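Chains as they are written, first to last, in my numbering: chain A, 178 to 330; chain B, 1028 to 1317.
What the hints contain is simulated information worked out from the structure, not anything from laboratory work.
Some hints could be false.
[To be verified] In silico lysine-lysine, DSSO-like type, Cα no more than 30 Å apart, as pairs:
id	chain 1	residue 1	chain 2	residue 2
1	B	Lys1280	A	Lys186
2	A	Lys305	A	Lys207
3	A	Lys186	A	Lys305
4	B	Lys1055	B	Lys1280
5	A	Lys305	B	Lys1263
6	A	Lys292	A	Lys186
[What the hints assert, rightly or not] Computed far set for chain B versus chain A, every beta-carbon distance over 12 Å:
id	residue
7	Asp1077
8	Ala1123
9	Asp1131
10	Arg1171
11	Arg1205
12	Leu1312
[Stated by the list, open to error] A few chain A residues that face chain B, going by a derived Cβ cut-off under 10 Å, partial list only:
id	residue
13	Arg183
14	His232
15	Gly233
16	Ile237
17	Thr251
18	Gly255
19	Thr318
20	Leu323
21	Asp324
22	Val325
Here the structure is a predicted model, which means the values were calculated and not measured.
The beta-carbon is built from N, C-alpha and C at its ideal position, and this holds for glycine as well.
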Amino acid sequence: MEGLERIVKEHQFFAGLGEEFGNLVSGCAKNARFDAGQYLFHEGEAADQFYLLRHGGVAIELSAPGRGAITVQTLAEGEIVGVSWLVPPYRWTYDARAAGLVRAIAIDAACLRRKCEADHDLGYEMMKRFVPVLVQRLEATQLQMLDVYGAPV
Amino acid sequence: MAPRSEPLASGRGALDPMLPRVARVRRKRRDAPEVWTLDIEIENGGEAEDFVFTPGQFNMLTVFGVGEVPISMSGDPAESRRLIHTVRAVGAVSAALTDLGPGDAIGLRGPFGVGWPMEEAIGRDVIIAAGGLGLAPLRPALYRLLAERARYGKIILLYGSRSPGDILFRHEIESWRRSLDIEIEVTVDHAASDWRGHVGVVTTLIPRADFDPLHAIAFVCGPEIMMRFAIAALRKAGLNDESIYLSVERNMKCAVGLCGHCQFGTVFVCRDGPVFRHDRVQGLLALKEI
Chain A
178 MEGLERIVKE
188 HQFFAGLGEE
198 FGNLVSGCAK
208 NARFDAGQYL
218 FHEGEAADQF
228 YLLRHGGVAI
238 ELSAPGRGAI
248 TVQTLAEGEI
258 VGVSWLVPPY
268 RWTYDARAAG
278 LVRAIAIDAA
288 CLRRKCEADH
298 DLGYEMMKRF
308 VPVLVQRLEA
318 TQLQMLDVYG
328 APV
Chain B
1028 MAPRSEPLAS
1038 GRGALDPMLP
1048 RVARVRRKRR
1058 DAPEVWTLDI
1068 EIENGGEAED
1078 FVFTPGQFNM
1088 LTVFGVGEVP
1098 ISMSGDPAES
1108 RRLIHTVRAV
1118 GAVSAALTDL
1128 GPGDAIGLRG
1138 PFGVGWPMEE
1148 AIGRDVIIAA
1158 GGLGLAPLRP
1168 ALYRLLAERA
1178 RYGKIILLYG
1188 SRSPGDILFR
1198 HEIESWRRSL
1208 DIEIEVTVDH
1218 AASDWRGHVG
1228 VVTTLIPRAD
1238 FDPLHAIAFV
1248 CGPEIMMRFA
1258 IAALRKAGLN
1268 DESIYLSVER
1278 NMKCAVGLCG
1288 HCQFGTVFVC
1298 RDGPVFRHDR
1308 VQGLLALKEI
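So that you can see chain A by itself, here it is in the shape it has in the complex (with noise of 0.2 Å):
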């Protein structure tokens, strides 16, 4: 347990956590294995985990009518997996497939949720480690719909 406690907060993305916090998201946490292909989870499940990488990427996917799986990002060594955990009804919107052999801890949302009700610090620090994540990801997805590359440079 220490060595995984000490694994979530070295972890890029809880870097600067501390101690007390860091314990609590540990106490949610626990490792997790990907084959190549092999999928993390699918559009409309419960988003019951989400996922710190460690190793390997994950490509987040959407299928589309006569078009199959279409990928819409990846993301690398270090990123979160996952933000639909944060709000209701808590459930996937895409899919997630392991690109390659993937390691990376697992943490229980329901379980990180009940922790940042009980106390309101862990949540706002949560909240500020994951807003940036969320609107990075916005930009990023407004980017990619203006099709930029469409238009000459």
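Following the hints, put chain B in place on chain A, whose structure we already have.
Using the frame of chain A, we list chain B on its own:
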């Protein structure tokens, strides 16, 4: 004031910069849908003429009877007899250019403008952030950096494209990647699930790149909105405005700063650019009126 000054039309001797020389297409290859690369030689009494340019400079290419457009050089500056331009067919002249074939004649004026600051990059990590066809004006800088590899720190190419099929210079990128002289990350905006590379906009590659922001310089080229986002990401990574250069495109006509078509605030893109240090144009980039 301009941080650098270079001749408006270097390598032209005493020739009139408004007078096109006749050149011929020697080779043509397709690099992406609607994107073609043309190898051109300037003829001088039947002999190919040497042509010296700085990475980032452009030429005015004329399709006789159709019109003239500015196109950046995309070839190796060390190859003085082989002029390479990569063109996307988006308008009447560029479409006519891409319709030309080996042996066809075109008019050429140039080289014009201020290119990438190769001397200022010496001893520093160099981040090349390119989007779409923006890789073409950066390719001469990459050739120069790799030819003089020992003079620079890390060389990192971050390239974003619309889809895997739109990636320019794909074989060359693979060859560079194998050489280990350069770190290359390519991302596409969307892809089928069989694509094994990154998916997402090019700006998402910047926080993942490993460089020393205090001793780095960045060259950025792509659609203007992509450059704005890329510059924001570079600044967030620790680069200051004096270390970020971008290539701006405007409606260039005379190419020597006389006609005013490419006026961009207080500067003329054809004469003072197209490559600018970011602090010189940052206030202008977000202005809708220009």
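How the hints compare with the structure:
{"no.": "1", "hint": "B:Lys1280 - A:Lys186", "result": "58 Å, violated"}
{"no.": "2", "hint": "A:Lys305 - A:Lys207", "result": "23 Å, holds"}
{"no.": "3", "hint": "A:Lys186 - A:Lys305", "result": "16 Å, holds"}
{"no.": "4", "hint": "B:Lys1055 - B:Lys1280", "result": "25 Å, holds"}
{"no.": "5", "hint": "A:Lys305 - B:Lys1263", "result": "17 Å, holds"}
{"no.": "6", "hint": "A:Lys292 - A:Lys186", "result": "17 Å, holds"}
{"no.": "7", "hint": "Asp1077", "result": "28 Å, holds"}
{"no.": "8", "hint": "Ala1123", "result": "15 Å, holds"}
{"no.": "9", "hint": "Asp1131", "result": "23 Å, holds"}
{"no.": "10", "hint": "Arg1171", "result": "21 Å, holds"}
{"no.": "11", "hint": "Arg1205", "result": "20 Å, holds"}
{"no.": "12", "hint": "Leu1312", "result": "14 Å, holds"}
{"no.": "13", "hint": "Arg183", "result": "23 Å, violated"}
{"no.": "14", "hint": "His232", "result": "14 Å, violated"}
{"no.": "15", "hint": "Gly233", "result": "12 Å, violated"}
{"no.": "16", "hint": "Ile237", "result": "8 Å, holds"}
{"no.": "17", "hint": "Thr251", "result": "5 Å, holds"}
{"no.": "18", "hint": "Gly255", "result": "8 Å, holds"}
{"no.": "19", "hint": "Thr318", "result": "9 Å, holds"}
{"no.": "20", "hint": "Leu323", "result": "6 Å, holds"}
{"no.": "21", "hint": "Asp324", "result": "7 Å, holds"}
{"no.": "22", "hint": "Val325", "result": "4 Å, holds"}
Comparing the model with each earlier hint shows violations of hints 1, 13, 14 and 15; every other hint is respected.
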